[in-house]
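Peer 1: Sequence:
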Amino acid sequence: MLDLELLASLLFCLLLPLLLFFSLRPSSSSGKLPKSYPLIGSYLAIFANRKLRIQWTSEVVTGIPSLTFVLKRPFGYVQVLTANPAVVQHMLKTHFHIYKKGDLNHTTLSDLLGNGIFNSDGTTWKFQRQFNTRSLRKFVEQVVDTELNARLLPILAAAAANKTVRFPRHPQKVRL
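Sequential numbering of the sequence shown, starting at 192, is according to our numbering.
Since the hints were made in silico from the structure, they are not lab data. Please note that the accuracy of each hint is not assured.
As the list claims (entries may be wrong) - Within a straight-line C-alpha distance of at most 20 Å, the following computed EDC-like cross-link-like pairs (lysine to aspartate or glutamate) qualify: (1) K223 - E250; (2) K291 - D312; (3) K284 - D312; (4) K292 - D302; (5) K317 - D294; (6) K292 - D312; (7) K291 - D302.
Claimed, not checked - Quick list of the computed label-pair ranges, beta carbon to beta carbon: (8) H297 - R244: 18 to 28 Å; (9) N275 - L304: 47 to 57 Å; (10) F238 - H297: 18 to 28 Å; (11) L224 - G293: 21 to 31 Å.
We treat Cβ as the ideally placed atom computed from N, Cα and C, and that holds for glycine.
I would like the entire structure built from these sequences, with the hints used as guidance.
Peer 2: Below is the structure:
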């Protein structure tokens with residue numbers, strides 16, 4: 192039994208450099224889908240094109256007639272890449288509620304997007320979706336009213352009471 196394990200280890204060590212040599216070359220042919228393996232997905236192609244990842248994925252997407260493909264990541268994660276406007280509209284506008292972002296995406300993008308509509312699922316998404324023109328107008332009115340009453344009017348009242356004028360820091364840019 193030990194000899195079989197030793198033989199398998201030696202075979203793996205000998206074949207690994209050959210596998211890396213043939214698979215870690217950047218692919219220059221546009222539209223050629225990256226190979227996917229059971230456990231590591233398309234990691235070898237992703238790693239080989241890591242320095243020009245955006246250009247590589249653009250070449251792959253634009254070389255496919257549907258302009259959409261599924262990139263298989265390690266450990267079963269998948270990533271859909273598309274340049275098709277109809278698919279983008281379907282995913283972001285007409286059927287947005289179908290496409291779940293998941294915890295990994297939410298955690299990754301929460302610093303940038305917070306808990307807004309683009310980074311939420313389920314009931315949170317439905318609540319964010321209710322934010323329409325009327326509620327936006329009401330929100331803007333409240334913010335403007337608060338800023339005027341709490342900030343601008345006290346400054347103007349103090350300037351009128353003291354009969355002073357505040358000039359901007361760069362008076363040469365002010366036109367009278």
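Peer 1: It remains to establish, for every hint, whether it holds in the given structure.
Peer 2: Outcome of the hint check:
no. : hint                    : result
1   : K223 - E250             : holds (8 Å)
2   : K291 - D312             : holds (6 Å)
3   : K284 - D312             : holds (14 Å)
4   : K292 - D302             : holds (15 Å)
5   : K317 - D294             : holds (17 Å)
6   : K292 - D312             : holds (7 Å)
7   : K291 - D302             : holds (19 Å)
8   : H297 - R244: 18 to 28 Å : holds (23 Å)
9   : N275 - L304: 47 to 57 Å : violated (23 Å)
10  : F238 - H297: 18 to 28 Å : holds (26 Å)
11  : L224 - G293: 21 to 31 Å : holds (24 Å)
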